[in-house]
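Protein chains in written order, with our numbering: chain A, 130 to 804; chain B, 254 to 444.
Think of the hints as simulated: they come from the structure by calculation, not from any bench. Glycine is no exception: its CB is placed at the ideal position from the N, C-alpha and C atoms. Please note that a few of the clues may not be correct.
Rough simulated footprint, nothing fancy, chain A against chain B, three-plus residues with beta-carbon under 8 Å [stated by the list, open to error]:
#, segment
1, 281–291
2, 315–328
3, 436–442
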Amino acid sequence: MNAILGFGFVALGLSASVFGAAGGAYALLTGRTRLLATVRQWVWLVVVASIGGFVVMEVALFQRDYSLAYVSQVGSDFTPPLYNAAALWSALEGSILLWTLVLGLYLTAMLVRFREQRHDPLFGWALVVMLTVTAFFFGLMVGPANPFLTVEVPPGFTGPGPNPLLQNHILVAFHPPMLYLGYVGFTVPFAFAVGALITGRLGEGWLTATRRWTVAAWGFLTAGIILGAWWSYEVLGWGGFWAWDPVENASLLPWLTGTAYIHSVMVQERRGMLRVWNLSLLCATFALTILGTFLTRSGVVASVHAFADGAVGPWLLVFFAVISAVSVGLIAWRGDQLSSPGAIDNPVSREGSFLANNLAFGALAFVVLLGTVYPLLAEAWDGTRLTIGRPYFDSLGRPIALTLLFLMAAAPLLPWRKASTEVLSVRLFWPAIAGVATMAAALVIGARGFWAVATFGLSAFAGAAALRVIVLAVRRQRWRGFVGRTNGGMIVHLGVVLLAMGVAASEIYKSDRTVLVDVGDRVVVEGFELTYLEPGADISDRRLRTFARIQIDDGAIREPAITTYRQVGVVVPTPAVRSTITEDVFLVLDQLPSREADAIRLRVIVRPMTSWIWTGGLLMAIGTALALVPTRRERRRDPARAVTDGSDDSARTAADAGETPASQEPEQEPEPVGG
Amino acid sequence: MADIDLVDGDARVEPPAPSGRIRWISAGVGLFLVAFIALLALGPDDRLDPDDGGELLGQRVPEIAAPTLDGGSYDIDDAGGRWVVVNFFATWCVGCINEHPELVELDQWARDTGQAEIVAVVFNDPPEAVAAFFDENGGGWPVVNDPAVPVAFRVSQIPETFLVSPSGQIVQHIQGEVTAEVLIDAMTGEQ
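For reference, chain B alone in the conformation it holds in the complex (with noise of 0.2 Å):
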């Protein structure tokens, strides 16, 4: 619009003001937002949890430490200097099929050179079905099976896989399929 006023309004003569009402809109929508704002706040509280959904590259390892399902156990502090690939995974899930064949080469590089070790998470599978799928398709790795690990690493969507440093720290975090190439030469430092 062109033609502006540009003076403030105060100085119309302006009928008594019926103050009344608008304070009392005014608390009323202020009710409505406290009450919407205490909804939202006192949602969920694995949702609105500090903690929970961020990223944990760059953090110290959640521990591991948990039997096996060949009746042993594993504790991720013992890998020592080593590198360790955390690989999260189910038989149903199509990725983890296909990438196996990779985490069995990378299996047998860990092996040759000795500087880093595989641990399998199960994520919602029995164990018969897992042990079936070991015994078909190969991989001599430890395999545990507690729930809290996958929550405490944050998975969402299998497979997902985690590079620890011989140091503890998480310096890569993989969703989907892996190849024993990538890790590999992230362990090693090569392109």
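Isolated chain A (complex conformation) (with noise of 0.2 Å):
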């Protein structure tokens, strides 16, 4: 029943999709605007197959069936509700149903934000583009990927559950849908791209239709990156967070060029440069979503969660493909109207800056690509095999993450076209000592290293470069002084910052021992006194939990312990982390408390200041949130008539386009009253 049903879903989208997507094309080339009027009936189809493939696949879980291929390959009947329901996506098949899920929820969004829209060409393209988009995932759930295949399981079947990994953390239910969130959001201001490249609208309507758009799927790629390497520092026992995994390096290919883009994409807005070059930036995201998902999801390349189905590989390096010949290919056509008026009259200026950021994000793009696909395409060239590891990543990446910590102080300093000497001296003196007497207090209290002092002195320049922003922000306007982009981007300024300090400190300082100890042994690591109370065990139907308590500084118990899941027989370590805003102590379990010894061989990391980085992401996503809230002005002149009011025979002329006064737009050009 759920299999015909699921499978009736999925059947349904990807005619929805295809016969949506034909008709919408074929009505935007030959002007039926009655035709295009029905495009929205496929797709609200669509985003009812979305949800309803999903729907049918939890309830199946939770109803344990079995005669699913996929609830016997991932459901178990003693998982718990919260981990059955994130078995979902645990698996290949699910998590394309996951995808498809999300691209319906911004379906739906789309229909309800422009609706006044329906009528316009270049929303009909956008819609077309995202029906192209539904169509190619539920065509893989149709042909290779199907999810709803049925099984005969032997009576008593109960399961083995989801990959031991992936049913003992909370974060767990949250990292992948926000992920998805991030990759999937990308896709509607791609399909707005293009929608401007067919149409010929190449000016900055469409930008400013879709800015919340790609700042939203931009936090929400932010968090769901960030909760990640919380979930695997967390649950894997190998004491880190990032370890230049490809699927790591995947999630983080589009958040680079999605993070230069929303800096570009201000030099566009305000002096109407780089059009072609931020074209091709949203292009490479979007594609860079789908190339990262070839990379994990197609066994071409080995990682802790590649789901290895080989199937799909094919089929997502073609779709990759179609996505880079149709922007390539766009991108040339309209070449001719993409050239920019003006130039940068100054490097040393707010858009100079941002082009700066541009080259370096652009660089440290290229540095994880290259090292990420290496491999690969060293292999398919001759046969040679070799990994590239951390020091590639870290020789290459810390110059560039130096770079742009720089620039990020600099960038909300420096005002729009040129900087005067007068004006940087003043709005430079308080980051600036700022950065300094973070240094010189990091060397006081016993800091050593170019990188890591050198990535707290910047830190503190760009916080306090941020801070500054905000507060002259806030004086002038109250509350209102948080919201809006500018003020929200400095917050996120501000989270990076926390971040850039705790990795530093986290990846430079941490210590690793391992020590041999016996029933109320105490032993000392670092400065804590580690005292190791007792052994003890929990036995479910589930799993069985050996663990040790160990009980630091005479205060917090841990119980870092050894898991057995029953289904599978799969043994993994489960740390345990006691946290403080200075220190994590970190503990893994070597191995199984032995029945002979009393001794437990006990792996100690001391981290400085990990919990900074989780802070940092957090203050990431508020920022992002912050960012999204409509200022005043905003609300007046709602962004989403831009797509038709925008029209091509506006009275804009080149003299007011270049250059706002600060006086009309108080929290973009702070006075520097303060500094």
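Bring the two chains, given one by one in their own frames, into a single complex with the hints.
Written out as structure tokens, the structure is:
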């Protein structure tokens, strides 16, 4: 029953997507407006199908309907409800169901948000692109990754449950949906970009209309990546949060190009420049989400959470090729209309710093992409097998990251067009003091090494620059000084500052020791007194958990454990972390407490300031949300109307196109009253 | 930015377009992408083979028909209506050594009830070592040594065990150590 119903929804999704996309494209090419209006009905059917397929699978998981092969693969009688719900996206087929669900949600939001643009060809093409993407993903589920295949299981079959690593931490329920909201969210601006290229309406109208969508997708992607790092830290017993694993890199790549876009798009809105570049960044961001999915879902790279089902690999690669061809082809076709009016007058200006920011993000994206795919390309070229690891990413990534920190400090201080020395010296004063003072303080409390100390100094410099903007805005506008793109963006910068300091301290000053302790023993590691109180075990139908109770400094008690998942017989270590604002004590049992000896092998990893990373991530998410709140001016002029209102016969002239006087836009260009 | 230009920029007075340059750059990027995609697509066949790496659960069991180490021969099609436990192992694998007593217990149950049989498949191990291992640790079930079998089952990390239903369908895939209890429960429908 579930199989028939579920596959029905998938088939409905595919056919509605195909009919909608084909009908829409035909209507747009031939100018049949009545036919164009019917596209909305197809979109609603796609939405119904995407929600329906997801719901059917969740119902099947909760009914323990093992007649579905997917449920018999990831479900079990013993999985608690939260992990059972999350089991849906614990393997390939279900993860595509989640992908189409998120596409359906974004389609719903598009229909609601742009309901007044239903006859606009640009929006029509955007819907056609969205439906083409949904057709592809529903097609995957009709073809090589069908989640609703049936299977015959013996009576009494209780199921293996999801991968043990996906059923022992609450973050599993949040990290993948967040990440998908981010990945899939970039489809929307891509769709509008293609619409703009096809219709030739290449001005800033579509940019304005999709600005919030891009920022929201970026925020979800950021949250998804950081939650993933946190999950990896709390669940995988290796004691780190980022391994430069291909699947991590796959999520980082669109984040890098997306971050570059969010910055450079401001130059285009303000000065009308960088059009080709911005379109390329958007197309690249979307293409990279598909390339990343190809890399992690096709089994071409080894990874901790590659699903390794080769069947979808060729399909994803073809889709990536189609996206690349369409993007490059359209940009080349419209090349003559895309040239930018004007040029950057002075490199020491806001737009100059954004350009440098883009070069740095581009370079970092290239470094990460090369490090991820080079082993594949080398093997394809002449069969060489090699791995690229942390030293490569660290040595190339660190200088670029420091450059970006510096730019993050400088850009908010620089005015548009041209900076005068007087303005700069006033604005730079406090941030520079903060940076130097932080470096001095770090040296005094014992921080050593160029990378760490430079990171602390530049972070404080950037943090003070961001704070300065917020303080000035709050003074003038009270609580409104916290919202809007600029102010929200500065709060995101503060989050990045915390994150950068946390990463630097946690990575550079970590210590890692393994000690042998008996019951009652007390050992001192990095100044922490650890007492092994007693071993313990708890047994349920689902798992057998053997743990050691460890007291840290006569206070907190932590229980690092080794857990055997009984349905699959897999043994995983479960670390325990004591986290404070200054440092984390991370405990992992190296082996099961043995029957013969009472001593346990305990791995103790001390990582300073690790909680700053997660706090920084939270601040980035909050800042993104605040950046999405419309400012007063924006509410008066609804950007959603921009797609149509910004019609081709506008009266705007070049004279006022470039510069808006600072007085009209107080929170953007704060006067240096407080500096 | 609060003050946004809602007007499409097309109407701005623009300098004559250097369109050729953008086309040339696009062509260059396009060529690069073609090469990139071709290299990814032409990558090692074994990796991009659609049959590779998928989950076998629920599918018909691959063929196991090979000579056994004791000189006989084994064909899974002869199991005829009984459960088959297919166990991949090697003598150098710690998990395999740990689970061996469980398999001995399971084998005893299988012989007593006549409902099931075990077949072990050697994973990258010389026959002499396997023979010595069985002499030392007991166990009288057939052992086949055919490198094609682990490939057909897509075995990557031993111990791995597959439970095949009497109708020839793979109903459980266990990575890591097994216990007799789990397998017997699965076969008898108890929990």
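These are the hints, each one checked on the structure:
no.: 1; hint: 281–291; in the structure: holds (count 5)
no.: 2; hint: 315–328; in the structure: violated (count 0)
no.: 3; hint: 436–442; in the structure: holds (count 5)
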